[in-house]
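Asks: The chain contents come next:
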Amino acid sequence: MIHARDLTKRFTVKKETVEAVRGIDLDVEPGGLVAFLGPNGAGKSTTLRMLTTLLPATSGSATVAGCDIAADPAGVRRRIGYIGQKNSAGENFRVRDELVTQGECFGLTRADAKRRAGELLELLSLEKLAKRTSSTLSGGQRRRLDIALGLIHQPRLLFLDEPSTGLDPQSRADIWGHILRLREEHDMTLFLTTHYLEEADNMAERVIIVDHGRVIADGTAQQLKSDLAGDHITLTVRDLPEAARAAEVAERIATAVDTGSDGMTVRLRVPRADTAMPEVLRAMETAGVKVAAAEGVRPSLDDVFLSLTGRSLRESDTADAPA
Amino acid sequence: MAVSFVRDTKIMFVREFAPVLREPFGLLFTMAQPLLFLFLFGPLLGGTQGFGQVGEGSPWQWFVPGILIMMCITGPMMAGYFLLVELHSGSMERMLVTPLNRTAMLIGRTLKELVLLLAQAVLIIVLALPMGFELHPVGVLAGLVVLIVFGVGLGALSFALAIASHPGGELFYSITQTIMFPLILLSGMLLPLDFGPGWLQALGAINPVTYIVDAERLLFSGVFGDVSVLYGALAAGLVAAIGLAVGTRSMRRGV
Chain C
1 MIHARDLTKR FTVKKETVEA VRGIDLDVEP GGLVAFLGPN GAGKSTTLRM
51 LTTLLPATSG SATVAGCDIA ADPAGVRRRI GYIGQKNSAG ENFRVRDELV
101 TQGECFGLTR ADAKRRAGEL LELLSLEKLA KRTSSTLSGG QRRRLDIALG
151 LIHQPRLLFL DEPSTGLDPQ SRADIWGHIL RLREEHDMTL FLTTHYLEEA
201 DNMAERVIIV DHGRVIADGT AQQLKSDLAG DHITLTVRDL PEAARAAEVA
251 ERIATAVDTG SDGMTVRLRV PRADTAMPEV LRAMETAGVK VAAAEGVRPS
301 LDDVFLSLTG RSLRESDTAD APA
Chain G
1 MAVSFVRDTK IMFVREFAPV LREPFGLLFT MAQPLLFLFL FGPLLGGTQG
51 FGQVGEGSPW QWFVPGILIM MCITGPMMAG YFLLVELHSG SMERMLVTPL
101 NRTAMLIGRT LKELVLLLAQ AVLIIVLALP MGFELHPVGV LAGLVVLIVF
151 GVGLGALSFA LAIASHPGGE LFYSITQTIM FPLILLSGML LPLDFGPGWL
201 QALGAINPVT YIVDAERLLF SGVFGDVSVL YGALAAGLVA AIGLAVGTRS
251 MRRGV
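Going down the list, the sequences are from chains C and G.
Mapping the first sequence onto full-length UniProt numbering, position 201 (from 1) lands on 201, and the numbers just tick up by one.
Mapping the second sequence onto full-length UniProt numbering, position 206 (from 1) lands on 206, and the numbers just tick up by one.
Just so you know, nobody snuck in bad clues.
For lysine-lysine, the following DSSO-like pairs were computed, each having C-alpha atoms within a straight-line distance of at most 30 angstroms: (1) G/K10 - C/K131; (2) C/K86 - C/K114; (3) G/K10 - C/K86; (4) C/K128 - G/K10; (5) C/K128 - C/K114; (6) G/K10 - C/K114.
Worth flagging that the hints you see were computed from the coordinates, not collected in a lab.
Computed from a predicted structure; not experimentally measured.
Pulled out of the complex, with its shape left as it was, chain G reads as follows:
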């Protein structure tokens, strides 16, 4: 069972990733996107002080995990779009009439986005190093694992949403557009919530991404012993569990 699950996930991932390798030109744009953020938004941070809650490192220590989490939200969240396209054609249907494991299908699909995310992460970290980003390899690795778990869950939720909004697709666009920015803004990803009013902080406290952001910042600074790291890992695990359950269920109910 476990062997075939891994095998099914791999089949799906290899299929999804093949067009990326066949058309590597598209990769340039994928890679350029976070860099734009890094270079156009990053310098603004230099003028602000006091963002470095963890230690007193450079603002990049604070900002790099933020960009990565944002990438981890936009990529998997929009992954449902590709599924929507495949639901419109018959290719999703065709794969549903194969013995491929449903959950493995979801994970394999999202893994494509996450491999791209890892490549983006490496690029960002390498470029941020000369600007004062301090590398804690074990912490960064742990942080990326948390992000992958979170991304798998978010991707699966995006697929479930795509299936629910098929064949029209409008539901998918309106919901993703509506929740993406609140998720990002109410997590302290780009600007810390500490300076905001109480109601905004309260909203932030019910946003699971907030906990992941806090955990990532700590992990990227090499801190493991804080309870926030645990909360962040739990939040990511919860999103993954819910996402995979909902995603698998919506495929069983028929498309």
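So that you can see chain C by itself, here it is in the shape it has in the complex:
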């Protein structure tokens, strides 16, 4: 569906060159739900804008839905749907009018566009708003309209740029409900950017983490967590000498990394806490360490990002993205 090689974008802002995207390689097969995760300014949106032909790449190449983004941008546009960060409908235009226009833009006849607009209004519970201008809709309603506009031509590949940013939790859940259902019904490939960790974690089948314009990790959320972060095991013992002994024992466990102690708790990181726990407890018992409490904690994608970059995704979520 998407094949990109060494995709690069440089901007010149006030005589300074900003390397927004520094050579991204990407292969997305049909049918998946891929999340592009990273802090603001990591190059997520810029990559998306190149793949959707909104921005020409500085160098590198990509084919999207079988068409080259540079040689046949119109072909790409015909085959993809795009739901941008901002609202897609013009402020002073009526909801139904915009849907019909969008259908016509994709080559539907006016009659077909009207029929399709009607279907989507129903599908996204927008029928009652059909005659309203989009400026009078709530944030959640406008987002539903954005989705309807992105789906008017039933694309096989849908790009979503921060689909749920700025929505309240309820609207966010509602939007996701719609996205997942439509994907199921239409067998779409979804490619989305997000800086919500939970979203990437729960929804995506594949997570691609980007930072400073480069892909730094790529895999299922489970894989990334196991390979790059690992589970945390926390053991609590009764006194400090025992904690020191426990730390020594922990260090000898083959699969454990990042061991350390803090007061009477000892921490270690293992690929999987559930399978490592019995081994850890056995080793402690053999060494005569009495463990008072043991806990295994699954890592978050933030732990993955932290172990890759030394920064927390939540903390680095401040700088604004360039265009």
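Got chain C sorted already, so can you dock chain G onto it with the hints?
Replies: For chain G alone, kept in the frame of chain C given last:
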């Protein structure tokens, strides 16, 4: 290709025009604007003699084309404002990710302003008739065609400027405000340049609008055979060619 181009232009025009039809009340203001000019500025012309360079008709013969050209500058020139609004929201972006032809997008958008201009033109001409304006239908039609070509080009330039000044928008306002009045004043649209000093006439000579103004005055008086008509048509064609080239290019470079 040609069929889809016309189709794309129409899609864009219909979209842009729909809000006008949905809210016809706004049309009243659009129509009232040139009338104010006609009735508040026009009578002042009655006191001045010698404006009627072409023939010795009423001052309205001279003034009506002038108002129309002014409308044709202000409307399309400010059309970029609407694009700026759509760049701020995501609606322009959304349409750029459709296969719609870029140039057709520009033309369709400007056509909305030009249809309004045509309606204003009809209204002005009808009202000027009893005041002594002499109607030369073929000339007027030819004159309006030249104006439409000019308006399409100016509109496209305005869109390119809007894209260049996005996201701030200040550039758009400062440039349009800076050049609008020189374009109008240095064209002989409202007052003839012939009475001005040499440097002002020289500036007028490099203003493409001057040639369009001269051509329009001749056409509105039914004169086709003057070389000025050719120059005016060329000037309008040049503005359209440059405008569409620059406008389409700025959309390809990304927004």
